[in-house]
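Got two chains here, each in a separate frame; can you build the complex from them with the hints?
Going down the list, the protein sequences come from chains H and F. So the first sequence is residues 41 to 369, counted in the numbering used here. So the second sequence is residues -7 to 318, counted in the numbering used here.
Think of the hints as simulated: they come from the structure by calculation, not from any bench. These figures come from a predicted structure and were not determined experimentally. Don't take every hint at face value.
Stated by the list, open to error - Label pairs and their calculated CB-CB ranges: (1) H:C350 x F:E192: 46 to 54 angstroms; (2) F:Q216 x H:G195: 48 to 56 angstroms; (3) F:D22 x H:S42: 52 to 60 angstroms; (4) F:T288 x H:E300: 52 to 60 angstroms; (5) F:R277 x H:A354: 33 to 41 angstroms; (6) F:D47 x H:D319: 49 to 57 angstroms; (7) F:A269 x H:A354: 23 to 31 angstroms.
Even for Gly, the Cβ is constructed at its ideal location relative to N, Cα and C.
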Amino acid sequence: MSLPLGLSVERIHAMYQRMLLMRAFDEHAGLARRENRLRGSVHEYTGQEAIAAGVCAMLRPADYISSYHRGHGHCIAKGADPAAMMLEIYGKAGGVCGGKGGSMHVADFSLSILGANGVVADGVTIAVGAAQAVRLLGEERIVVAFFGDGALNRGPMLEALNWAKVYDLPILFVCEDNGYSDHTRTASVTAGPGIVARAEAFGIPADSIDGNDLLAVACAAALLVGEVRTGKGPRFLHATTCRWRGHLALDRGLYRDPEEVAGYAAQDPIARIAGWLLDNGVAQATLDGDAAAAAGRIADAVALAEAAPCPDEAQLFTDVQDAGASSWA
Amino acid sequence: MGVITYAQAARLALQQEMQRDPRVWALGEDIGPEGGVAGQYLDLQREFGRHRIVDTPISESTIMGSAIGAAICGTRPVVELRYADFGLCAADEIVNQAAKARYMLGGQVRVPVVIRQPIGFREGMAAQHSQSTEAWWVHIPGLVVVAPATPADNHALLKAAIRSDDPVIYMEHKELWTTTGEVDAQAAPAPLGRAAIRREGGDLTLVTWSGMLGDSLAAAEAAQSKGVSVEVIDLRTLWPWDRDTVFDSVARTGRLLVVHQAVKVGGFGAEITAEVAEHLFGALRCAPRRLGAPRTPVPYAQPLEALCRVAPTQIVSSALAMLAET
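In isolation and in its complexed conformation, chain F is listed as follows (with noise of 0.2 angstroms):
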């Protein structure tokens, strides 16, 4: 396929995977001539008509259940909710019903969906478009949350995500839409609950996801330039986490330190760092530490959102201070 970007490798995979299984569909607001908001779903509509490219009416609760009650009787519906915020909107259907479903049924029924809600900052969204709400679907036993950092992952993991018979919250990444990277079309669905190690080190242990991925990896080269190592962990799925992989890292390291963009207070950083001291504390060389927004709804003013985003020089001086403690 070549060099595509992470827009474009979304709308391959969902393709692709409609052409393979016709009890695929797709339903939300705006995909249709629209092509979804970053153009993640453009022609779609085109090659496979309105009853599976659906356009629907802002009705968030409805596209959720509807998606639920298709799924529960036998297709494979992949919803678009267009900003994680909007997914707050359908969060009883999420929570109360997708996730439970099958459970609370005696596992009569499955829920084959795919919830696609992207998170983060995009350039001045402002409060009610920018979070990044990925620990509150980590918290609800019965979902599978993905978070892909790279075009190829966006291809492999939407993939996974629409063969998965758990629901699946994926959350791409609004700022990552234009990034570019190589795609192989041919590439099977990836694991999930599988990490990635982005880059080896020795020093410490800097797990991320989404869109902290380039940073992180920004800023790990500086480290080098200072002479620290710093190995670098993409989660890619944050339900299950690849916890064999973060532990094998942070027990040759000794130190971790975990970086997102989401609020760092309850993050889904705690848990890392939580799991990682439970089970490693006679390992660790110095605290884990966390990297996260601050508490505050996003602002719009540039100065102040640039406060909510967590530097390249954070991390690095993060991990220059974590050296220096031991």
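Just chain H, same shape as in the assembly (with noise of 0.2 angstroms):
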């Protein structure tokens, strides 16, 4: 069938690959959490992975992302190593950031990815700043910033929108609205007529979109990516979504109804795409191969991890800064 946007059926797979990835690795992840196999906050992707995907494919491994504490899924689908993660996310030897940042602050420069952040918004501001230093530079590449509608409510995140219009950067913003900010329904926390009009009173052009759905996050991606690429300044993604589990792995979830949460499955991306690719030619042997293969290369992670040594007690005094670094250890 054809495609618009350079679309094809083997693109949308491959995005579909992907996102079983990221399925298996959070699922992974808030198990671990929960069974105290890992430390700290473990926020998981699952059920918003269609958003990252369809973005990420639409990037060159030059394109700069930022994202934020629910970032497994975007450094997966920019192309990070689930293994490397994994042992990140242990905090062993060898994870993508020596162990030392843990779930919210995985990155992996070499593919340009700036990471996730504790802090919901810096990463955006971070992100119009990566695009500041494009422009700088006569970069060819362009910058995206995930960042959920929680985000929308802080003052650094409507400073950003405000800055990026103001030095037309190359940068789109994708709002990942999964309707909770942390443990709170965002409607319940916030004013005026919605996200998309924030974006558009500051002049940047908005989509919304609904994101359980691949296709559509694909075409909207491609749309809105070339449009930045090409220098028209910044654009704005809103993509509804759902996030099935808690703020954190660990979450009593006294804020939604769980009937709520029951109903998500019904718009799982991961199962609407699979139906999709099954009308459009893929063998059902081919998906359960497809699946099989991630959980296969998420055990084979997580066995890697669970494994691997820490990291030597030297390391808590590496990479503090260097000035005085030999005299104050």
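Shown next as structure tokens:
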């Protein structure tokens, strides 16, 4: 079948495979956290995979992305090695950040991934700065900032939108709207006509789509990325989605109806695109093979991470700062 | 170069570094046509264009956040926050991002950013425009903290800060902008973390920095006339601070007096005093002393503001009292 915007069944299939990897990674991460095999905060991306997959499929290796606390999916979508990420969230030597960052700070600069971030909206201001550097250095790349709907109520987010438009920077803002700001329903704490209107108030063209529909994400992202890449200035993509798990892996869920959460499965972006792939000539056996491959790759990563050594104690003092490092460890 | 002001010295350093390295740029409020609050950016936008001398909205979080993003993506931004008081509007980005990015990302990235936050009193600027917050930043691992006291240092240390791959909190003093001094335009960057002995003396070690250097030197002169020889150390960099120079001096004099304009309670003088007490207790001939502002907001009324300032007479009397103890 013919698809618009250079899309093809093969490309969609590849995005689907990435989504399976994200799902397997975070379903394990959440479980491992609940079993206390991991420490700290783990924020699963489960249910939101189509957004990272569809957007990152439109990017070149040199394009920067910044992410937020729910960041594993974006890293995998941009090509990060799940094994190095698993080592990281297990706090082990060989982790992509040497085990010193953990779940909220996964990043791989060799892939232009500027990192997940533990402070809501801070990755967005960093992203506009990355775009400013791109401009200053005369580079070809663009920047994508991923963030959640909760970020729209932080001042720096609004500053960053203004900033991007004032300097006409090559950046795509991607709001993953799962309806929740941490443990609070976003609508209950948000004034005004909505997220798209906020972007448009700064003169930034915005598109709103069903973020559980990979095809919709991919098509919108292809258009918006193309506009940003051709120097038309910042663009904004609002993608509605469902956060299947808690804000954190350890989440009592007191703020939402379990029935609402149970209903999310009907919008499963993976099941939906699997159906489309079947309709478009991909065999069930192939899809089954994809799922097994993703599960196997994550199982291997887990085995590696669980067996790996912790960072040695000298790592405590490395990479703090150069000035004074020798005398003030 | 000859004799220029402290503000002109900073302007010269930035200009030279921008000429030397096209990756260096500056951003902040009012640094374009206005040339900064003290003229420290005057005409630089004309020379380097609005993409390298960037006038920004009043958006401190994004001034700082975008500088971090630009720093980790191959440029070397110089951030102007105008007053240290407004640096607090960007504290999250400084503390949670700039200071930690290299460490928490496992050394994948450096954050070569200079964060200019002028400190100190400036004739009636009152509670929200007069603070000396240097100790706050010293407390944060990952940051370098610099506080130049002379035009020559504001030139050589700013050069060093711009060339540093660590994030540098660069704290000029607002009342020093118009002070003048000899500046060698060809001076090399000053090493970060190295203090300067501004006056040699044998009876007492006075450690100070930034806006209190002048009064400390005047006080040392006055003390000399009363027979007390004061060694004045200008710390120049608060983190890392030059422990060797301070320790060597205190080991000789046996007396330590720290003078700063910041609030005394929890000020950086406490750290210096504690380090000396921990390491040189046996060499001390009397208890160390600190002079700083009282723990009040800075008042507007002139006589009240004056009470917050450490007076040269206080420095002299403290020095004499310490000598009298032993």
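These are the hints, each one checked on the structure:
no. : hint                                : in the structure
1   : H:C350 x F:E192: 46 to 54 angstroms : holds (51 angstroms)
2   : F:Q216 x H:G195: 48 to 56 angstroms : holds (53 angstroms)
3   : F:D22 x H:S42: 52 to 60 angstroms   : holds (55 angstroms)
4   : F:T288 x H:E300: 52 to 60 angstroms : holds (53 angstroms)
5   : F:R277 x H:A354: 33 to 41 angstroms : holds (40 angstroms)
6   : F:D47 x H:D319: 49 to 57 angstroms  : holds (54 angstroms)
7   : F:A269 x H:A354: 23 to 31 angstroms : holds (30 angstroms)
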